[in-house]
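Go ahead and model the full structure; you've got the sequences and the hints to work with.
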Amino acid sequence: MITWYAVSGAIEQGLVYGMMSLGVFMTFRLLDFPDLTVDGSLPLGAAVGSVCLAQGMPPFLALIPAAFAGFLAGSVTGILNTKFNILHLLASILTMTALYSVNIRIMGGPNLPLLGLPFVFSPLIEMGITPFLASPIVFGGFAMVAGALLFWFMQTETGQALIATGDNPKMIKSMGVNTHSMIILGVGLSNAMVAVSGALIAQNQGAADVNMGVGTIVAGLASIVVGETLFGSRAGGSSVGRCVVAVVLGSVVYRLAIAFALGIKVGEFSFQPSDLNLITSILVVFALILPQLQKRLRK
Amino acid sequence: MMLRLNGVRKYFGRGTINEVLALDGVTLDIEKGEFVCVIGSNGAGKSTLMNSIAGTFFPDEGSVVLQDNAITNWPEHKRAKFIGRVFQDPLSGTSANMTIEENMAIAMLRGKRRGLSRGVKPAHRELFQNRLKKLELGLENRLHDRVGLLSGGQRQALTMLMATLVRPDILLLDEHTAALDPKTAELILSLTRELVEELSLTTLMITHNMHHALAFGSRVIMMHRGRVIFDVRGEKVKSLTVDTLLESFHSVGIAEFSDRMLLV
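Keeping their order, the protein sequence lines are chains A and B. Residue numbers for the first sequence, in our numbering: 1 to 299. Residue numbers for the second sequence, in our numbering: 1 to 264.
Just so you know, the hints here were simulated from the structure itself, not pulled from any lab data. Treat the hints with care, since some could be wrong.
Unchecked claim - Each computed DSSO-like pair below joins lysine-lysine, with the alpha-carbon atoms no more than 27 Å apart: (1) B:K32 <-> B:K121; (2) A:K170 <-> B:K112; (3) B:K81 <-> B:K112; (4) B:K112 <-> B:K133; (5) A:K170 <-> B:K81; (6) A:K170 <-> B:K134.
Below, the structure written as structure tokens:
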């Protein structure tokens, strides 16, 4: 059975990965740019954030270099795609692969433990709030701020041009927008969010690890489809606000579902944490083919 | 002089066995306020001509000058400052996922810097509504509707408004009524006439319909195999008839084209 401890842990994870899901939402849904860079920029954020932390930088401040590094990684993918005509998927795989080496260089090894260092939720714990509650509160705050910022940005002149770039590049070019700049900016911002999420995850887990990014894109997609199915319609443009909320909630529900699946025991059989990627992939595949199945059934 | 094309030559698939010479050294001056109609058979180079002005690609030879700017090597988005465009596909000119007012707000900023202020400015709503009222399609009450909910004709009408919301130096219409039913096409054409007159626009319109070309054009250009083979302007246009146009087609041996035109 699923314990209260597992539930609280799942909510915490859902919130800390919520910002990552928002980043994936930005590329996948708004820009129509399937971006696998995130599998590398999540550990990149963790690596940069952790190294800064280990150098004595305050935990909140350490997120800024992480965001910057994520933006840089995303814009490399964007530049490879727009300026050098490399297919978006391939461009992002190339960046992701390169980041594996970069991340190990940054950390000086495949992982970096963060023992005895202050974290973003340390102040709350010092105030006497149990760690149980402290980290979900802080991560919830981060998810809200990130969601609000994304919502605000998408309503600006630049954000609107970015949405239109994803929806109808022919039209937005004829309106004087440089779609290349928009793609580089959008993929950059998306990966900045993913990297900050990675830096927070490292603080949550007490370590940064070069392999922590495996399956990020699929987990992000799963959160998006779960959120859209349960909480909101699938659309860009003016319904961005609703989508942002749906994606964060989707991320929480997704982590709860995972925790629940891990708690299932049938006779001798039970799932292991390493089965997660298989389960998630099946979930996303199912969500992707569901609309097609519905169409066929209606005929 | 508004626009000058000087010896513009454009190959597609150059160096392959499929090489096509789409524009064969086109030289063309368009005066301010002219309404130029371009006719010609499929593959004559009409759209290529328009795209070379819009900057969809760069010419292999020759130059393009718009007012005093040599724009030959300017990318499409940079030229958009001067150019309003309406495409043949009525879905091409608007963003389906965005609302009517969001689309119009994007058009308000054509060729301007886009920053971090609010995209849809409340102060512009009245202007948007006034422009939309002109269409008599009731869209002025649907500012918050997604454009994807509109019909093709409604979307093309909206595209016409968006292309002219900021006055363009030249308006490019690429068979913008060809994909519409006849009634909607008439509506879009009369809207075209209204907007062009109201803003005294310089216009380049590609059409397959010779009647439209003669009714709208202050100048009629016929293209064939990447060249301008016929160019009539001013008073002479008024004396042109569909029959004389067809004769000129036959004189250059374009039978298949004239047969098709008779059906329109």
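Violations among the numbered hints, reported as their numbers in ascending order: Violated hint (a single one): 1; every other hint is consistent with the structure.
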